[in-house]
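Chains as they are written, first to last, in the UniProt record's numbering: chain U, 1 to 327; chain C, 1 to 327; chain B, 1 to 327; chain R, 1 to 327; chain D, 1 to 327; chain V, 1 to 327.
Possibly wrong hints are sitting among the right ones.
Here are some, though not all, of the chain V residues that point toward chain R, as calculated from beta-carbon distances under 8 angstroms [unchecked claim]: (1) R60; (2) K61; (3) G63.
For the record, the hints were derived by calculation from the structure and aren't laboratory data.
Every residue, glycine too, gets a C-beta built ideally from N, C-alpha and C.
Number of protein chains: 6
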Amino acid sequence: MLRLSPPGQHRFSQATTFDMAFGGTEANVAVALAQWGVDVHHITSFPTNALGDAAVAHLRKAGVDTRYVQRGAGRMGLYFLEHGAASRASQVVYDRADSAFSRLTADSVDWETVFVDADGVVADWFHWTGITPAISAGTAACLLKGIETANRLGVPVSGDPVYRSNLWQYGQTPQDVLPELTAGCTLLLGNAGLFSYLYGINATTNEAAAQEMMTRFPRLRYVTDTVRESVSASHNRLSAWLYDGVETVSTPLFDVQPIIDRIGTGDAFMAGLIYGLLHGEQSLTEALTFGVAASVLKHTIPGDVLLATPSEIDDIAAGNLSGKIKR
Amino acid sequence: MLRLSPPGQHRFSQATTFDMAFGGTEANVAVALAQWGVDVHHITSFPTNALGDAAVAHLRKAGVDTRYVQRGAGRMGLYFLEHGAASRASQVVYDRADSAFSRLTADSVDWETVFVDADGVVADWFHWTGITPAISAGTAACLLKGIETANRLGVPVSGDPVYRSNLWQYGQTPQDVLPELTAGCTLLLGNAGLFSYLYGINATTNEAAAQEMMTRFPRLRYVTDTVRESVSASHNRLSAWLYDGVETVSTPLFDVQPIIDRIGTGDAFMAGLIYGLLHGEQSLTEALTFGVAASVLKHTIPGDVLLATPSEIDDIAAGNLSGKIKR
Amino acid sequence: MLRLSPPGQHRFSQATTFDMAFGGTEANVAVALAQWGVDVHHITSFPTNALGDAAVAHLRKAGVDTRYVQRGAGRMGLYFLEHGAASRASQVVYDRADSAFSRLTADSVDWETVFVDADGVVADWFHWTGITPAISAGTAACLLKGIETANRLGVPVSGDPVYRSNLWQYGQTPQDVLPELTAGCTLLLGNAGLFSYLYGINATTNEAAAQEMMTRFPRLRYVTDTVRESVSASHNRLSAWLYDGVETVSTPLFDVQPIIDRIGTGDAFMAGLIYGLLHGEQSLTEALTFGVAASVLKHTIPGDVLLATPSEIDDIAAGNLSGKIKR
Amino acid sequence: MLRLSPPGQHRFSQATTFDMAFGGTEANVAVALAQWGVDVHHITSFPTNALGDAAVAHLRKAGVDTRYVQRGAGRMGLYFLEHGAASRASQVVYDRADSAFSRLTADSVDWETVFVDADGVVADWFHWTGITPAISAGTAACLLKGIETANRLGVPVSGDPVYRSNLWQYGQTPQDVLPELTAGCTLLLGNAGLFSYLYGINATTNEAAAQEMMTRFPRLRYVTDTVRESVSASHNRLSAWLYDGVETVSTPLFDVQPIIDRIGTGDAFMAGLIYGLLHGEQSLTEALTFGVAASVLKHTIPGDVLLATPSEIDDIAAGNLSGKIKR
Amino acid sequence: MLRLSPPGQHRFSQATTFDMAFGGTEANVAVALAQWGVDVHHITSFPTNALGDAAVAHLRKAGVDTRYVQRGAGRMGLYFLEHGAASRASQVVYDRADSAFSRLTADSVDWETVFVDADGVVADWFHWTGITPAISAGTAACLLKGIETANRLGVPVSGDPVYRSNLWQYGQTPQDVLPELTAGCTLLLGNAGLFSYLYGINATTNEAAAQEMMTRFPRLRYVTDTVRESVSASHNRLSAWLYDGVETVSTPLFDVQPIIDRIGTGDAFMAGLIYGLLHGEQSLTEALTFGVAASVLKHTIPGDVLLATPSEIDDIAAGNLSGKIKR
Amino acid sequence: MLRLSPPGQHRFSQATTFDMAFGGTEANVAVALAQWGVDVHHITSFPTNALGDAAVAHLRKAGVDTRYVQRGAGRMGLYFLEHGAASRASQVVYDRADSAFSRLTADSVDWETVFVDADGVVADWFHWTGITPAISAGTAACLLKGIETANRLGVPVSGDPVYRSNLWQYGQTPQDVLPELTAGCTLLLGNAGLFSYLYGINATTNEAAAQEMMTRFPRLRYVTDTVRESVSASHNRLSAWLYDGVETVSTPLFDVQPIIDRIGTGDAFMAGLIYGLLHGEQSLTEALTFGVAASVLKHTIPGDVLLATPSEIDDIAAGNLSGKIKR
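Isolated chain U, as found in the complex (with noise of 0.2 angstroms):
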């Protein structure tokens, strides 16, 4: 997507200008993958017009590979975003109706090329959010290929099954849609209060529910998320846990002040969570740490994509929080 922001502290009344930057939650958990030493591909569908060409430039700058995002009919996906500060929210228009992306289908992509390469490597994991199964039947459908080829081929899968009311305009609840594209997953994101309105699990505590998301779900192996404490637009305090059917880890609580950019945070957060997955010599503890320090990280950069190193983050994860200069 295309993001579209008045400058600075700017009402979108106000401005004459505007600052853009592309992203998209699923594109921006490749972009940061792909600048830690990950090689990445991202799956979607940009329009095949100057817009579409400059989003597939976004991408292959940072590193994703692009060769199998396709072009085709439809628009490119847009945002406006109006940044908000201290007791003013945030406030997001979204103008994606009939993207490129929307306007694909249950056969547009050849899953098994995708998670396979030309050597017969597969592929290490398979990230999909809330947002694709919201955008159109075909988006969901294809989708649910990709997790079904995943399952077969043995690709781990994580699901962030955001949910956005102003989606899910096709004739679809996601209560419908999510459990069978949750059924493939390893990896979730949620809480008891998100598990309940989509699943409609009951549980008074984020690991009950857990538990119980993982006894329906049977694949599943962890189940995680980020607690954030919003005192402001300004400054939140941001902490995580995680389930892995035995006991909970969590983090740290970090202090975030001023908040240059929210968006994209969740993103960051599972993108250092799987990088830190991947990387098997950590414990989990540290896996979630670092999604959280790469979360924490996120909201002091302007755009949607975490633009930080490995070691920026490890920084941030052992705590040390003092921003001193570093020459």
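Since the structure of chain U is already known, use the hints to place chains C, B, R, D and V on it.
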């Protein structure tokens, strides 16, 4: 429409910000006339979001009366504009599908109320362009009702049947739709080539084509057009002619170099000509020259709309092109 | 007034560009009320040059009715604003001597026409501030006539007798001029300290001072003020109180950090309070809290004027300060 | 003066920022000469505020000696400049009434100290323009004292009696005031038309007018002017002539397209000519051509002041107009 | 190289920001070819810091394969560019001493791996310029090995022996070093003047000089150059010729006005010509015209690199210079 | 040095423009003192190119006397600064190798002329920092001569032996070089940790370390340092102490939030302290507090240099941190 352009001569792929402006062919005519003191209403529909608010504010800032601007579902129509220079053409990427405007229907507007104010005073003029009937069956039907009402009330009607090949996606052709709209017109913009394509008029000169159009559409009193010599994206030469059923009057040739912004120069011509015609003391040649001079000035002004006083335009019309500093 | 500010936190000596905005204490109140759907007229005079045109367009963009804005000789009032941060205060350099506004005289405005429209409907409210009588003998006299006319027609009058020591250059003191203006007021902004300085009121509490003011100026029904704790240029805490002759109601304390733009926050309070009072269904506390919430939001918005919807303000007033993204 | 311009070719009503620069006709000459290594003092008065500080810093940055710059009451003189293009003229809105400079009086400057330094070395040149006596009776009187002192000390004096119709508001006409000032001049800028208007000189050619001026003002050794053909606001052609009482020398015609900034081009000519005359080894034609080349270069530089080295100007003067990249 | 330019036409001493872009003569050729779908590797070395990371991302964004970009000690080469206009030349200040690139040595690159991919497919082309051997003995030696390897593997080699007098600081002259490099070339850029200076070729015409070069360097099949008429920094006329040992073909003359960015126009020509030659179906004249049209378009694009599609270039090559808006 | 920073909180890889500013630790002290009316000379060398010209103009603008600034071969020292926020540290990439400054040698400066003016008046103070001897053997030798000359002439010397590990590349260590330079100092900046590392001082408290330094370097009268608590990159707390051989005086703790620009805050402290010491009427505590207040203010100002009047600093020193608007 909201227009988004990379700054200066940057290409789309270089942009990190977009300059934004509001435009749209009928709106541009409305803004020009309003700034000259004409009491103008603009009839359209904008989405019920912050972008729609900003579009209303744009019109209001210029002095256009926005009481008949509707707000509803659908998107804000967008277009992306890359400024060319020298031999590189400017490039437009339209993104206007499913705009709030496109959702207007035959009955969306109470035209009688629009044309006759509370004191019973009838409007002096009604202007439409070929964009409106190209958008959707609903906008075409709504416009037709407007023209019919204008005809019934004796309001003169001008039409600019500009043809955009990437519109007309709703199942009708301009050849189907335009004749009925044109039949209600007093003044029409176009030339032999356009009339041949749209109305099947066969004529070797503009005057002959204009005469045939008048024969076919008896309400027509004036047929007019600009003549543009495009030396490059930065250098054009401009003149205009007008046929009143008896003779063709024309203007001197104006040299424009450099061109700052080519968009909206046709709308500025139309606004200028209408303004001239509404001021009965002017001769047809004077009105036409005012129109061309308005268009010439528009080439020097960033954005879609002409911002200039009548006296500035008179100055150009009078041949003062020296550009000496005004203190 | 036209405001010119170095961008960001730059000092005057670093500036190579100025951000520009229009403001002025009464105009700020007008703009806020107009955007909330109130039918507002602004009474002033701007110079007959391009800057004056731009000032009119600013008001018109916001929906303020500018039919009674006069145009005449004199300058556009200017002020230069340098934004502070942390312990560095913002700094204002006024440059408003000999403004077109200052040339208004006792008879410049036909107040009867202003207050009573063509259909005989009388205005709901009249608001003035202490800037106007501080500019020139003419503006003071003109304002006095306005207040007298409002009183005669039964239009409620609010006054913000803000004191600026660098004004009042025309030979009169606020102590001379303000009492007569204050006598016409229904609602007055101020506190014990200000009332002591301007009116010689001796009282140890705001409530006692307010009561003494009411005794002296029997038209007064409400005395109100904000209470501001200035931790730094970037961090304030804000509340408000209002005395209605019987009791003092007050609001919770709102924390504002970071402050984006401190200018116009008092005007936003006034606009919010007037708006609340004009909506009779609200209690005094609700109206007052709406005013403070409007002011709190203004701190987060660049420029002189509050740009926010009533529902955004209601949200703050209801204590939702978390700043969570609105999608 | 502080100059404020909408960026690029934006009109005043489109501006949301202003580019700022310092200028002023005598200051522009001072800055040009200082950068070329000439020891220059600028005599003026700036307000005792942050804008005055910035104006001093502007001069200091350029190497102008500011020890005789006074600081006092009054405003910073401003002007607003809108850049034209093609047939649209640039437009200036002056806002210089009651500047600190205007408050200078006959006795504000100790001219003897200005012209003779601590070591007794007398100044090489004194330059004034017609702006100064047009501002106030005080500045006119102060300037007259300066010219008289220069005459007494044998300092050559150049005058540019530029006429601005919107100045001269203090009760005197240029026809009253200029003759006495002109009488002290060694070199005068102007042509037959200007001399006719200001001094009542009747002559059909510039040379004849110059000769009559010399007859009337016997101190005059040189009369000079540029000749400008204004094709458009973006394209001028420039040359110059100089009459030394015996013959008229002149320069080639220089083509300037596009014009980046027309302001200050006359001051650049004056600075270049003075610089040429101060370097005795140059012929009159060389000095004059250096002046025109300086002016030609100024057209390509944003702001009021010429920023260019003597060798860059020599290059233009020598006819190297190819603009090939210098590495 | 990282390029830093004052915005617009500002001089260095006016800058408070620099526009940044990445460039470098060989990199510019690589970027142009990569965007046209050619599989391109760029061989260089960037410093191991954030600037080096950004340079890699620049190439990656354009689609250049960066797997052979080395990272090491040394600086990022910089250059500062001031844009001229009209008669004022653009000015370049190089700051490239001790770049990471300059530290390459004879053995830094495994050329065999570069030219032959994992599947044994040999590269189609190798391009170098005279900047590389001018930087250091190491880069010269490294390049020589590259050319020798290309020759051994049958990879055609093009050379652009551009001469920069401010390089060649390491003790060798271009006359010493270039012949050996030139001997490996299939295609060479240059003209009689350059060949006389660099190789001591005595010939009165370009064709004769080209023929003598071919006699001396028997691998040469093509000698080519652009011919540029510099009317001003804003207006050039461009054509090209190519001699293939039998005859000289040439292109029409293209007028470029205004020039937006002159840098990289030679590289665009080279990229276009190589692209044309790699597409065997094109005649030599067609390939050459594609090269000139690419160069013509580059003049209209900010930055060092040509960003344009083959079809846009074909349009120019076909003589469509009208710059009419593309919708 | 020329500093280049991505705007706002952008990371290097996001930049398309750089904000530029001039800085350098000794230059920053010079600029601060010059603006306060102190007659300051800066001793350095800049390259003979347009960047060097701009650096001289920077100093001149601030009022620093540049007559002893040398111009010569070598580069302009650069550094690239990325602004951090919250837990993300600011990051500096130095690019200062082979600067013109580094090419100074023992005999480059005639220190006697520098310290004693034409009228025989001896300088009041000489300040150096640890950057200078870290650059090259030549700059170290040149500085040593300066200190020796100052000692001989009785000029008090202050030293800030700041240690940068990425400098000291020329074969000497700070432990070798600094003692001889320190021996000439009257005032030294540092604390127990730094003195231990640089001079091998073993002491458990700052006061004990300062006393040992005084014992070892008998010229020392004052040892001083700031104490900084880094909550985050956006929030610091600052105080300072000074030991005069008898007792340690200290300042209150100042809270700085948000930090606009952390660079140069140590130089602002040093400038403030020197200014306080040069004004004999102040107590040591007053001088020290003036220094800390200067540093506190610097945190709020973009760029390397403190731009603030003594009265603004006095205000902070007096504890007025409320940041209330100054009108």
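The hints, checked one at a time:
1. R60: Holds, because the Cβ-Cβ distance from V/R60 to chain R comes to roughly 6 angstroms (cut-off 8 angstroms).
2. K61: Nearest chain R Cβ about 4 angstroms off; hint holds.
3. G63: holds (6 angstroms)
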